[in-house]
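> One-letter residues, chain by chain:
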Amino acid sequence: MAAVAARELRDGEVVFVGIGLPNLACNLARATHAPNLVLIYESGAVGAGPERLPVSIGDPALVTGSLMVCGMADVFQLFLQNGRIEVGFLGGAQVDRYGNINTTVIGPYERPAVRLPGSGGAAEIAVHAQRTLIVAKLSPRAFPARVDFVTSPGQRCGERSRRELGMPGAGPVKVITDKAILEADPATGEMVLAALYPGVTADEVQQGVGWPLSRRPRLAAVAAPTEAFARPPRAPARRHVRRCLLRAAS
Amino acid sequence: MAAVAARELRDGEVVFVGIGLPNLACNLARATHAPNLVLIYESGAVGAGPERLPVSIGDPALVTGSLMVCGMADVFQLFLQNGRIEVGFLGGAQVDRYGNINTTVIGPYERPAVRLPGSGGAAEIAVHAQRTLIVAKLSPRAFPARVDFVTSPGQRCGERSRRELGMPGAGPVKVITDKAILEADPATGEMVLAALYPGVTADEVQQGVGWPLSRRPRLAAVAAPTEAFARPPRAPARRHVRRCLLRAAS
Amino acid sequence: MRDAVSRFVHDGDTVVIEGFTHLICFAAGHEIIRQRRRDLTLARLTPDLIYDQMIAAGCARKLVFSWAGNPGVGSLHAFRRAVEGKSRGGLEIEEYSHFGMVARFSAGAARLPFWPLRNYMGTDLPTANPRIRSVMCPYTGEALATVPALNPGVTIVHAQRADRGGNTQMWGLVGVQKEAAFASERVIVVVEELVDEQVIRSDPNRTVIPGVIVSGVVLEPWGAHPSYAQGYYDRDNDFYVAWESISRDPDKLARYLDEFVYDVPDRAGYMEKQPHLAVRLKAKERLSRGVNYGF
Amino acid sequence: MRDAVSRFVHDGDTVVIEGFTHLICFAAGHEIIRQRRRDLTLARLTPDLIYDQMIAAGCARKLVFSWAGNPGVGSLHAFRRAVEGKSRGGLEIEEYSHFGMVARFSAGAARLPFWPLRNYMGTDLPTANPRIRSVMCPYTGEALATVPALNPGVTIVHAQRADRGGNTQMWGLVGVQKEAAFASERVIVVVEELVDEQVIRSDPNRTVIPGVIVSGVVLEPWGAHPSYAQGYYDRDNDFYVAWESISRDPDKLARYLDEFVYDVPDRAGYMEKQPHLAVRLKAKERLSRGVNYGF
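Chains as they are written, first to last, in the numbering used here: chain A, 1 to 250; chain B, 1001 to 1250; chain C, 2001 to 2295; chain D, 3001 to 3295.
With the rest of the complex left out, here is chain A:
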């Protein structure tokens, strides 16, 4: 999944990197096809070039040799709310038909069966990133028709669209799973089957999803990971995006 997610990143993009698999995907992308990816961690590291695969988003390796370290007030106000983040990664215990994500509780909020960690920065990433990518393993429990609690808003919340709710970002455009890629339908906001992993059938995907899954007229095939993607990054290139339009001296 990390390899498939990594492919969704374009070179030079500004990516808000979450904990776990997104961290892995971003560092994979940077070590392979997207050396100029600008990694921004909610911890405050901007343009990080970690020499080891970071264990957490607050790893000291994200600081050493990064382009900038700033406080978290700046991360959320000046980068995220300012609209500077092009891609945000989200994962969660539950993802529903409209890409709403639950990382808060299974069961009722006041008496949860399982207490999950909560939002962290996920609620605001879902609101502000220009687009988000969801990464989660397929299973009926993980993909209910409706999440128990909306931590991070998807394409539709209640009966209202993102536009009606005033959310600046485009929201979840893809859900990358271990068997298929779902995409948000531009008209309905529903997550629909868009591509299958090699050897996976649409029925198998439906078995892991708690709503009747629509599908694109033509399903794409997800390419198998290449050699390069299979290895964790090591001493990655320390280049970074050059978006300066001008460097005139005088």
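In short, the hints are calculated from the structure, not lab data. Accuracy of the hints is not assured; some may be wrong.
Capping the alpha-carbon separation at 30 Å, the derived lysine-lysine pairs in DSS-like fashion look like this [claimed, not checked]:
id : chain 1 : residue 1 : chain 2 : residue 2
1  : D       : K3252     : D       : K3062
2  : D       : K3062     : D       : K3086
3  : D       : K3284     : D       : K3273
4  : B       : K1137     : D       : K3086
5  : A       : K137      : C       : K2086
With chain A held as given, fit chains B, C and D onto it using these hints.
Using the frame of chain A, we list chains B, C and D on its own:
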């Protein structure tokens, strides 16, 4: 005036230092009886210990060897609005009966006879400093009964007291002039004559003030500046306030 | 540290031990446990292992937070048992997102009663927490979310160095410590090194917390372990992994607290029990160059 | 600089050349005058000599500010003539206090439509400027002052150093440059030194403006004179004093602009005309020590 103003500062206080004479007064105080004065400049220098008398409040000498340099958003939000400033200095082209100050315009705002620099940080210093000291030379033009424009609020604005207006600081407690010291009357908020410079009469002071000046029952005498105060500071002590209550090692 | 906690941390206080992954003052948390403080409202973005330990030790009445997990590993099990109703006493919670918590500290630091943010549309967080409200912009008429100021009784900040006056410098991840400190009634600074005032004055842009807001300074090397201090020691990721199994079992957790908290007098004692840590985690050298402050 | 101004500064723009006493980019202001930009809305806290020159040269339609004087010396006479109706064309003004201007940039940088502050009770500023309004706190019910966001078309920031990617480091007084840059559509960074990316990466906490928000980087040594660059050159206080008599007399001011702006091609030409400046103002060395970023 600088020497008299300097005496109003107690050792260890946190002082917000304005341009011009206040700058001089604070650096005088620090070089003499108040070596632990913490000088905070709106430019962002905190705990400055300038090696030369700063020409402006943004002088590089205020940075070299200061305890902290922060952005101006922090100066105004975290120090001033937070209530950390114990003393603020203010001056102005006009000071009125209630200590309102005008540094904006002489004449009507839309068609001014004289356009003055404006507020700078003075409006918010007047609101937030725990107490303020006004420094200005006596003259009927400089001390009208009512200022043309209230830039920095005094003890009463319109018909309302500071408390009614919700201002956190105590406002101008003293006006230090070249002939006398006026003090705010706790009951009325009016500036009243409190102390005379050597050889100055109450009548002379009244001639420089555009309202019938009340006076304290007993007038104090302002002491003449000492030798030490007459010299500008040179290589002042680089100590600073120690307000830490505890320094236990384990 | 004993004196600092005894003087500045009281039963019933709102206590903040901040630090995002970096510079989390475990030494202060352990001393609070040893001094058996009770009824605390513990606030921070990421409760992390230290609040899990304080919850297990019975210090906490309430938790204010935005992400309660073991970063990169899994759950905080003492926290989960309390919230899922599986341990005695229970635990009140007040929950935000990271941005919401950062905004609460920003409001507290600026002594404003609220902070506006463009957020929370579509989420269930405002339903779960009615303190998330909204305000109308006086220019555009649009509604913006608000969170209330957070003004703790005491904030404890770990840093690389400070002088005796409390002027504190830190580098690497600085999280929300500046805002939390300015929002707080009392501030305890705990440092790896106590330095001469001249060291601070030689690089004033590096100062994050000024001495004028600091109540006490404590010298406590290794005070952030198993968190880390950039330039001093690495994060003890092994311990974070080990916490999963320790915290899952209440008896094991109790034994951990006995051995590493109650039965050691202080952080020096904690480090003496584990001499390998200093060897394994000591930072390599990656010095920055100086800049010129002359004129 | 010629290319940068030509590409990123347009007639009618809201232009911000920020810097509080320190790092004011006079070189950019002069280039804007040379390229005869018109109808600009000039915004900054302290218009200083550079906006006085731009007003005199006819670039400005409107001024947004909080303190319009010659710091420690006296008046900005071109500004005064315009506002007091003594020069042709006039000048629209929009006036705040420093805190108000800082708050406007903070709102712009956070892309919020307004910023709340506890201020302006009792002053006549909200009467003079109806854009100062108020909002009711949704928790306490009290009224707080507000200012609207300021989002300039272009912000020009002078700094000690940046890499070619626009990652910019500055030290000494940093004013409100970070907020102004983040609030702006376009950002031009002008530096004393263009450094290798590794220099930036060796001390990431020193970075104030990230390359991702920068449109162009210009290498322009001495570009801030008569303002200063900490560690590079001192403030030219003599010139600030001299400006009093130059600006008081419109003819003298016109001759100054001819000689030092229109008749020189660029900043190098400006410095060549005044070779004594570099000798007189060059900074002495006061190096800070490095800190360890290792783990």
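> The structure should be examined with respect to each hint, and the outcome stated for every one.
Evaluation of the provided hints:
1. K3252/D with K3062/D: holds, 24 Å
2. K3062/D with K3086/D: holds, 16 Å
3. K3284/D with K3273/D: holds, 23 Å
4. K1137/B with K3086/D: Given pair K1137/B, K3086/D holds - Cα atoms ~29 Å apart, limit 30 Å.
5. K137/A with K2086/C: holds, 29 Å
Consistency with the previously given hints is maintained throughout, with no hint failing.
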